[in-house]
Amino acid sequence: MNQLLPASSDPAWQLDEADKGLPEPLTRVHSGELQLHQALQLLSRAGLALPAEAAPGSDRWMQALVDALCTLSSSDPLTGLVNRRLFEAALDGEVDRVARSGETALLLLADIDHFKRINDTYGHSAGDLVIQAVGRSLLQCVRPMDTVARIGGEEFAIVLPNCPPAFARTVAERIRSHIEHLAIPVSPAQALSVSISIGGAFAPQWVRSSRQFWYERADQLLYQAKTGGRNRACLENPAVSEVSTEERELLFSVPPAAEPNESQMPS
Amino acid sequence: MNAPSSTLPSAAPPAKGRGAHIIAVTSGKGGVGKTFISANLSAALARLGHRVLVVDADLGLANLDVVLNLQPKTTLHDVFSGKASLDAALLPAPGGFDVLLAGSGLVEYSRLTPEVREQLVQVLHSVRPRYDHVLIDTGAGISDVVLHAVSLADDVLIVATPEPTSLADAYATIKVLAMQQGRRNMLITVNQVSRNGEGRGVAQQLQTVVDRFVKLPDNQAVKLRYVGEIPSDKTVREAVQRRQLLMQTFPGCSAAQAITQVATKVEEAIRA
Chain A
1064 MNQLLPASSD PAWQLDEADK GLPEPLTRVH SGELQLHQAL QLLSRAGLAL PAEAAPGSDR
1124 WMQALVDALC TLSSSDPLTG LVNRRLFEAA LDGEVDRVAR SGETALLLLA DIDHFKRIND
1184 TYGHSAGDLV IQAVGRSLLQ CVRPMDTVAR IGGEEFAIVL PNCPPAFART VAERIRSHIE
1244 HLAIPVSPAQ ALSVSISIGG AFAPQWVRSS RQFWYERADQ LLYQAKTGGR NRACLENPAV
1304 SEVSTEEREL LFSVPPAAEP NESQMPS
Chain B
104 MNAPSSTLPS AAPPAKGRGA HIIAVTSGKG GVGKTFISAN LSAALARLGH RVLVVDADLG
164 LANLDVVLNL QPKTTLHDVF SGKASLDAAL LPAPGGFDVL LAGSGLVEYS RLTPEVREQL
224 VQVLHSVRPR YDHVLIDTGA GISDVVLHAV SLADDVLIVA TPEPTSLADA YATIKVLAMQ
284 QGRRNMLITV NQVSRNGEGR GVAQQLQTVV DRFVKLPDNQ AVKLRYVGEI PSDKTVREAV
344 QRRQLLMQTF PGCSAAQAIT QVATKVEEAI RA
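Here the protein sequences line up with chains A and B, keeping their order.
For the first sequence, the working numbering begins at 1064 and goes up steadily by one.
For the second sequence, the working numbering begins at 104 and goes up steadily by one.
Don't take each hint at face value.
[Stated by the list, open to error] Lysine to aspartate or glutamate pairs mimicking EDC-like chemistry, simulated, CA-CA at most 20 Å apart: (1) Lys1179(A) / Glu1166(A); (2) Lys1289(A) / Glu1279(A); (3) Lys132(B) / Glu370(B); (4) Lys326(B) / Glu370(B); (5) Lys326(B) / Asp235(B); (6) Lys132(B) / Glu1236(A); (7) Lys318(B) / Glu1305(A); (8) Lys1179(A) / Glu1116(A); (9) Lys318(B) / Glu1310(A); (10) Lys368(B) / Asp321(B); (11) Lys326(B) / Glu1310(A); (12) Lys1179(A) / Glu1218(A); (13) Lys318(B) / Glu1299(A); (14) Lys368(B) / Glu266(B); (15) Lys318(B) / Glu1236(A); (16) Lys132(B) / Glu266(B); (17) Lys1179(A) / Glu1236(A); (18) Lys368(B) / Glu221(B); (19) Lys368(B) / Asp258(B); (20) Lys132(B) / Glu1279(A); (21) Lys318(B) / Glu1279(A); (22) Lys337(B) / Asp314(B); (23) Lys1289(A) / Glu1299(A); (24) Lys326(B) / Asp336(B); (25) Lys337(B) / Glu266(B); (26) Lys132(B) / Glu1312(A); (27) Lys337(B) / Glu370(B).
[To be verified] Residues of chain A clear of chain B, computed beta-carbon distances all greater than 10 Å: (28) Ala1118; (29) Trp1124; (30) Pro1224; (31) Val1306; (32) Ser1307; (33) Leu1314.
I should point out that these hints are in silico values taken from the structure, not numbers from a laboratory.
For each residue, glycine too, the CB sits at the ideal point set by N, CA and C.
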């Protein structure tokens, strides 16, 4: 789920071979009706190989083609991370899952601090290298089950299913600190260091929420992190709807006075 | 990244202090008589001479129509989708008050989307000048829709029963409303009590736990204002089964008298 595109591109599928190897029935689609040629070209550029042993036009080949196109349409070309489209689908899925399972999920939004300065000072290719390095680091900081997405220019999102509130700060802090200590080579003689600001919100542990509200809350906390001085993580207070054992015990304990004291309870 | 706009996390409630006083009726747990109380409390308030509207905000699982035995032709859904005017959806109910029904099974509204949020605000804004009291009957649980509906109200009335699950859910609701919406005053009524004074005991127990565990940033206290109890009464079951208002069918029974008292206490509380 995390990294959809292979880092190095070594396409096993060659376009020239595609042209020659297509069986007769596929020439129609190849001629443009299904834009097969273009699709194969896109996959080749992205380094997404179709299995060499599958005969073009076979079921297996078609399945691989569809899979590769899905991968392509849900990944970010610069970093290979999940793109905004799949990120939103992941959020929707997580909202539904939390409503059923009751497990807390965490959404982190991370934004590279003063990114414009990097672009302005070192050029856009340096900026791209920074984004790629941050993307790679984010992946290293989380579990394989987490979804790391690039959702905007220098903005990333991480969906962490089943993340108890007690661990959230540790995770966010680990990510922040990891990025802070990166040395990102942008030229043979130069390495840059950057920081990120992080906002985090929990999926409501109650039913019937929506992706938009979860995202809005995380975005507000990211804004807080930015206005609070950057290079920090702001997380919302864990879901307050949980009733602890202590609270429960007190709630169900017999009131000390058999007849409740009128003065304590305004009416 | 966007700076939080002033309309977040919930859209601005209708301007307070003008027109109707909006009271959200909520409970946490379902099945504690929240809708029954909304309907009968409205009848009691109407009898006290007020213009009352009940808005069924249990979008998706609405049952105010079932309680009142109404088969609405026009619902909130039609207003939301632009098929009908708000006026057409304001229906007179048997107890001398009006209702705005959600219509059951509106799954598309069971999630709070920015559209639903905005539409609820609009509807409340439009009805506010026409009534003295608007009661919002929220859904069960502590969903986004419920929290939003409550955020639009001037006051919130928590309905609990002495039963442990209800107590825990009522407490969770109070905690969320205090910590997320900064509510420091909430009204509480206790339904289905089996002996005199049990409701006050329940409310006091809740207050004790709130005092101990619910901490607001500025150390301000969260106060529950007890507005009375409603006894378990076989007339309630009878009225519910007949799908009639208790206040009309058994106006003299102990539960009906208790609801009238709750109405008076609610009035006192919101005037205070």
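Consistency of the hints with the structure:
1. Lys1179(A) / Glu1166(A): 38 Å, violated
2. Lys1289(A) / Glu1279(A): 15 Å, holds
3. Lys132(B) / Glu370(B): 25 Å, violated
4. Lys326(B) / Glu370(B): Roughly 17 Å between the alpha carbons, so the hint for Lys326(B) and Glu370(B) holds.
5. Lys326(B) / Asp235(B): 25 Å, violated
6. Lys132(B) / Glu1236(A): Outside the cut-off at roughly 37 Å; violated.
7. Lys318(B) / Glu1305(A): Since the Cα atoms of Lys318(B) and Glu1305(A) sit roughly 14 Å apart, the hinted pair holds (cutoff 20 Å).
8. Lys1179(A) / Glu1116(A): Violated, at roughly 46 Å.
9. Lys318(B) / Glu1310(A): 13 Å, holds
10. Lys368(B) / Asp321(B): 29 Å, violated
11. Lys326(B) / Glu1310(A): 17 Å, holds
12. Lys1179(A) / Glu1218(A): 12 Å, holds
13. Lys318(B) / Glu1299(A): 15 Å, holds
14. Lys368(B) / Glu266(B): Cα-Cα ~23 Å, so violated.
15. Lys318(B) / Glu1236(A): 25 Å, violated
16. Lys132(B) / Glu266(B): Status holds; Cα separation ~10 Å.
17. Lys1179(A) / Glu1236(A): Since the Cα atoms of Lys1179(A) and Glu1236(A) sit roughly 24 Å apart, the hinted pair is violated (cutoff 20 Å).
18. Lys368(B) / Glu221(B): 32 Å, violated
19. Lys368(B) / Asp258(B): 13 Å, holds
20. Lys132(B) / Glu1279(A): Between Lys132(B) and Glu1279(A) the Cα gap is close to 27 Å, so the pair fails against 20 Å, i.e. violated.
21. Lys318(B) / Glu1279(A): 25 Å, violated
22. Lys337(B) / Asp314(B): 35 Å, violated
23. Lys1289(A) / Glu1299(A): 15 Å, holds
24. Lys326(B) / Asp336(B): Violated - the C-alpha atoms of Asp336(B) and Lys326(B) are around 29 Å apart, more than 20 Å.
25. Lys337(B) / Glu266(B): 18 Å, holds
26. Lys132(B) / Glu1312(A): 19 Å, holds
27. Lys337(B) / Glu370(B): Status violated; Cα separation ~27 Å.
28. Ala1118: 46 Å, holds
29. Trp1124: About 40 Å separates Trp1124(A) from the closest Cβ of chain B, which puts it past 10 Å; holds.
30. Pro1224: Non-interface label stands for Pro1224(A): nearest chain B Cβ at 19 Å, farther than 10 Å.
31. Val1306: At roughly 5 Å from the nearest Cβ of chain B, Val1306(A) sits no farther out than 10 Å, so the non-interface label is violated.
32. Ser1307: Non-interface label on Ser1307(A) violated, nearest chain B Cβ at 8 Å vs cutoff 10 Å.
33. Leu1314: At roughly 5 Å from the nearest Cβ of chain B, Leu1314(A) sits no farther out than 10 Å, so the non-interface label is violated.
In this structure, the hints that do not hold are numbers 1, 3, 5, 6, 8, 10, 14, 15, 17, 18, 20, 21, 22, 24, 27, 31, 32, 33, in rising order.
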